[in-house]
Amino acid sequence: MLETTDRATRATKVAAVILLMTMVMLGVFPIDVLLPSFPALSTQFNTTPTDIALSVSVFAIGISLSQLLIGPLSDALGRKNLLLGGMAVSILGALGCVWASDYAAFLIFRVVQAVGCGCFVLSQALVQDLFVGKERDRLRILMVTASGIFISISPLIGTVLQQLLDWQGSFYVFAAIAVVVFVKAWLSLRNTPPVSSAGSSLNIFKTYRQLCRNFNFIAYWLICAIVFACHFSFIVVSPLVFIEQLQMSNYEFSLMLLLYGAAYVLGGTLAGVLNKRMESATQIRTGLCLILLSGLTMLLLATFYGLTPITVLVPMMICTAGTTITRPAATSRAMELFPDNAGASASAGNTIIFIGGGLISALINLSAYDLQMTLAISFIVLSGFALLINDRINRIARVQSLA
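Residues in the sequence shown are numbered consecutively from 1, following this note's numbering.
Any given hint could turn out to be false.
[Said to hold, decoys possible] In the PhoX-like style, the derived pairs of lysine-lysine whose C-alpha atoms are separated by at most 20 angstroms in a straight line are:
#, residue 1, residue 2
1, Lys13, Lys80
2, Lys184, Lys80
3, Lys184, Lys13
4, Lys80, Lys206
5, Lys13, Lys206
Calculated from the structure, these hints are not laboratory results. What you are looking at is a predicted structure, and each value in this text was computed from that prediction instead of being measured.
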């Protein structure tokens, strides 16, 4: 009987891992895979590329607001129903974009898609619900690694879909994968009871106030936001560096990002090894030191050798290792602080990451200074600030242990 129970538990966890990885893959389609189709979208709706870029901003706002509601609601109503509902709405939004007759309708359906995609935030809550201890760390390492790989190959996927299916291709593929997620969630997730009482969890403002008053909670998510911003800033400025400044073709640019994706695999492997041998606090410090090293390396290479693919990619590979080591460990520490509000915790954390990554990458992109040097200096400053935050967390913990 015990052996049968163990097999059932393993099967449930394997199904959950497959579901979570599919959700991670699906997450790159609404923005990253769509980027190569911007010119075609502009032509289709007889509007400017700026207006098409605006649809990305509108999508980002929509998903941010949506996840702030979905997280706490899932604590009160359960994860499965919220995930199924979100997937259904996102499918409707994606197909609506394909069928839109003008830009206004397209923008409306992008908002609908964004509202549905807010359920992606439940992936962190599901990790907290279905796994324990080091399992959570290992799975989060896998998810961060996979996310980096999918983002890195998304321009190539978007280019292929644009050539084969025109701009509608990314929406069709999104809808198809979303159907798979819906079915997988329907079959593999149980209708688990709410993790806390509905009355307390439905008081959303009270829940978020409780979370945001905890210094460690905000501090760990700020560390996550900083390391994500280092990765995301490179993704945002990479077309400017490789295509405009280094005069690479779109194909050569895609190959550069494939190499960057390979670095995520190596970084994830290293993070997995360290996870077995180090405490979370040490992992966070190690990862942040690697990001600091990447900034110093990029600064030195840029000073002595100028802008080349090697002087950009080598430091970014070091930065990637730091990201895959730091972010899963910091996420797990943050999520453990409020186990009865895992949905709200994930929503608040993702919002901090989203806002932090967006603002920092925008500032780097708008910098009038040399982009490579700006990246290098940003990595040094950001990792240094994150190390100070981590040191503050550890000092508070030592004081509390002596009290």
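Consistency of the hints with the structure:
1. Between Lys13 and Lys80 the CA atoms are separated by roughly 15 angstroms; this keeps the pair inside 20 angstroms, and the hint holds.
2. For the hint pairing Lys184 with Lys80, the CA-to-CA distance comes to about 11 angstroms; that is within 20 angstroms, so the pair holds.
3. At roughly 13 angstroms between alpha-carbon atoms, Lys184 and Lys13 fall within 20 angstroms of each other, so this suggested pair holds.
4. Between Lys80 and Lys206 the CA atoms are separated by roughly 24 angstroms; this puts the pair beyond 20 angstroms, and the hint is violated.
5. Pair hint Lys13 plus Lys206 does not hold up; C-alpha atoms about 33 angstroms apart against a cutoff of 20 angstroms.
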